[in-house]
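Q: Model the placement of chain Z on the given structure of chain R, informed by the hints.
Top line first, the protein sequences correspond to chains R and Z.
Residues in the first sequence are numbered consecutively from 1, following my numbering.
Residues in the second sequence are numbered consecutively from 1, following my numbering.
Heads up, none of these hints are tricks.
Here are some chain R residues the structure puts well away from chain Z; computed CB gaps all over 10 angstroms: (1) Lys42; (2) Asn144; (3) Leu145; (4) Gly154; (5) Phe192; (6) Ala204; (7) Ile211; (8) His224; (9) Leu236.
So the derived label-pair ranges between C-beta atoms look like this: (10) Phe184(Z) with Leu189(R): 40 to 48 angstroms; (11) Phe135(R) with Ile81(Z): 32 to 40 angstroms; (12) Ile142(R) with Met89(Z): 21 to 29 angstroms; (13) Met89(Z) with Lys273(R): 23 to 31 angstroms; (14) Cys32(Z) with Leu189(R): 53 to 61 angstroms; (15) Glu49(R) with Lys226(Z): 45 to 53 angstroms; (16) Ile81(Z) with Pro288(R): 26 to 34 angstroms; (17) Lys66(Z) with Tyr151(R): 32 to 40 angstroms; (18) Gly154(R) with Lys230(Z): 40 to 48 angstroms; (19) Phe184(Z) with Phe276(R): 46 to 54 angstroms; (20) Tyr217(Z) with Leu189(R): 51 to 59 angstroms; (21) Gly235(Z) with Phe276(R): 54 to 62 angstroms; (22) Leu189(R) with Phe196(Z): 34 to 42 angstroms.
Don't read these hints as lab results, they were simulated from the structure.
It should be emphasised that the depicted structure is a prediction, and the values quoted were computed from it without experimental measurement.
Note that CB positions come from ideal geometry on N, CA and C, so glycine has one too.
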Amino acid sequence: ARWFSDSEAVVSTQSTGDLKKMHIKEKPYLYPTRMTYKVSLKEKALPEETKIGDLDTFCDGSVLYFKDLGPQIGWSTVFFAEYIGPIFAYLTFYLARGYIYGATTPTTTIQNIACAMYVGHYVKRVLETMFIHRFSKATMPIGNLFKNCTYYWGFSSFISYFINHPLYTPPGCNLCVYLGLGTYLFGELGNFSCHIAFMNMRPAGSRTRVIPMPDSNPFTLLFHLVSCPNYTYEVLSWIGFAIFTSTFYAALFAIVGGGQMLQWALGKHRNYKKEFEKYPRGRKAMIPFIL
Amino acid sequence: AVVSTQSTGKQINLSKLQGMLSKVYLLLYNCCLACGWSIVLYQAVLELSTAQNPTYVYERCKVALKISQTLALLEILHAAIGLVRSSPMTTFIQVQSRLVVLWLVLDPVSEVHGYSNVPMMIIAWCIAEIVRYWYYALSLVDKVPYLLTWCRYSFFTFLYPIGVSGELLTIYSILPIITATGLFSLSLPNKWNVSFNYPIFLMLYMAGYVPYLPKLYMHMLKQRSKMLGKAAADGEKKAN
Numbered sequence: 001a002r003w004f005s006d007s008e009a010v011v012s013t014q015s016t017g018d019l020k021k022m023h024i025k026e027k028p029y030l031y032p033t034r035m036t037y038k039v040s041l042k043e044k045a046l047p048e049e050t051k052i053g054d055l056d057t058f059c060d061g062s063v064l065y066f067k068d069l070g071p072q073i074g075w076s077t078v079f080f081a082e083y084i085g086p087i088f089a090y091l092t093f094y095l096a097r098g099y100i101y102g103a104t105t106p107t108t109t110i111q112n113i114a115c116a117m118y119v120g121h122y123v124k125r126v127l128e129t130m131f132i133h134r135f136s137k138a139t140m141p142i143g144n145l146f147k148n149c150t151y152y153w154g155f156s157s158f159i160s161y162f163i164n165h166p167l168y169t170p171p172g173c174n175l176c177v178y179l180g181l182g183t184y185l186f187g188e189l190g191n192f193s194c195h196i197a198f199m200n201m202r203p204a205g206s207r208t209r210v211i212p213m214p215d216s217n218p219f220t221l222l223f224h225l226v227s228c229p230n231y232t233y234e235v236l237s238w239i240g241f242a243i244f245t246s247t248f249y250a251a252l253f254a255i256v257g258g259g260q261m262l263q264w265a266l267g268k269h270r271n272y273k274k275e276f277e278k279y280p281r282g283r284k285a286m287i288p289f290i291l
Numbered sequence: 001a002v003v004s005t006q007s008t009g010k011q012i013n014l015s016k017l018q019g020m021l022s023k024v025y026l027l028l029y030n031c032c033l034a035c036g037w038s039i040v041l042y043q044a045v046l047e048l049s050t051a052q053n054p055t056y057v058y059e060r061c062k063v064a065l066k067i068s069q070t071l072a073l074l075e076i077l078h079a080a081i082g083l084v085r086s087s088p089m090t091t092f093i094q095v096q097s098r099l100v101v102l103w104l105v106l107d108p109v110s111e112v113h114g115y116s117n118v119p120m121m122i123i124a125w126c127i128a129e130i131v132r133y134w135y136y137a138l139s140l141v142d143k144v145p146y147l148l149t150w151c152r153y154s155f156f157t158f159l160y161p162i163g164v165s166g167e168l169l170t171i172y173s174i175l176p177i178i179t180a181t182g183l184f185s186l187s188l189p190n191k192w193n194v195s196f197n198y199p200i201f202l203m204l205y206m207a208g209y210v211p212y213l214p215k216l217y218m219h220m221l222k223q224r225s226k227m228l229g230k231a232a233a234d235g236e237k238k239a240n
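Chain R with its partners taken away, still in its complex shape (with noise of 0.2 angstroms):
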């Protein structure tokens, strides 16, 4: 939508951070994290705080055009949001068993590990975003939050619907039991490693972007293979759980999160070789050597 200043005129000197400022005294409504300015309709949106007068084709009367983004939430809330469910309907299920399952046996050392993995990795994910998460974007369209909350919230409840019930069934065999638990600690350990590294790449309070590489942790070497190791990671500690507790929702959970991770890593990959001329070549987005 095109929008005039009815009220005060835009002086070079100024930055789109006080355009924001001025538009919001006209309409309350926006707050600047859903605001975008762009100076044509097909280039991007311009970067925070540009100055007008670094705007090359800008002169009197110029048009700017402007986008909003629709209402906006912050990443760290919608990560609580989305960690919360798990943890709490995992607990329900292991808790409140008598009550859901009618169950009279207690629960089994396999099912009791499965509780501690599974409760385990959503409490890290809830402290990595309290302390260690340094996000490049401060909001998201809030529309995002319903869709996440629904596929964590709903594939935890079918997850620790089945692993707690009295019916469940262990494995068949010891070495998947020690196999699974194994891939899981080595994913998280991983996974944690890289996030760490992740956190030290980016100054604090800063959203600039660098080509990562690995750091005194030997887990971040994978950084030498793939973009995104912390999803690879990830991934293996789904696995490995998936392993451990032999149930079919957990695997599919591992397939369905690695699709998405997987996505997610070809998108960043791309913008990584966008971003930086000397991207090492060798390296996949997610896959070691494949993909």
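A: Leaving out everything else, chain Z in the frame of chain R:
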């Protein structure tokens, strides 16, 4: 200079050849399926007119029906590779709904084959598909008579409701039977710690029809005014 014009000449011929091959393939595909569905219709009508009750309609036409309907899977492929201009997702939804009713509902439960909704559903499917495939085939060679366009964009007004009613009634009719026999259902305990309640799944599936029919119907109505208006104008142009 001679070499370059020769090589570009070859390139142009290659893509023209590809275009022609696609057309021939699609023409063959659409004609075969129109014939297949005609066979189904013939068998169904024959059985209805000679027999006293509808019990054997499905038995008589099930081979041709299964072949014709299952071949429609190719249409998803056609859309996905861009051979035809439809959306692969829409095509997938339409084809899978027929295949679910045919292979997962009607075929496994012989007790319902004699119910009257079955031949009604089959005949509705036949008429819709025969018109559709002939329309596609003749469109490829640009020889669609106005009458066929009219049929394609008018029959749906009653064929959709009849077909969908037939499908829903068929699904509904097997519910008590599969609840008793446990068809396709899985219960605990088992190695994969999963259970599947087929009757409940089907009930949710039926509920899924509810948002789709009005949307599809409205879309076809819009297409109708667009295509019939255009076809009438084309007809006048040709006359003048």
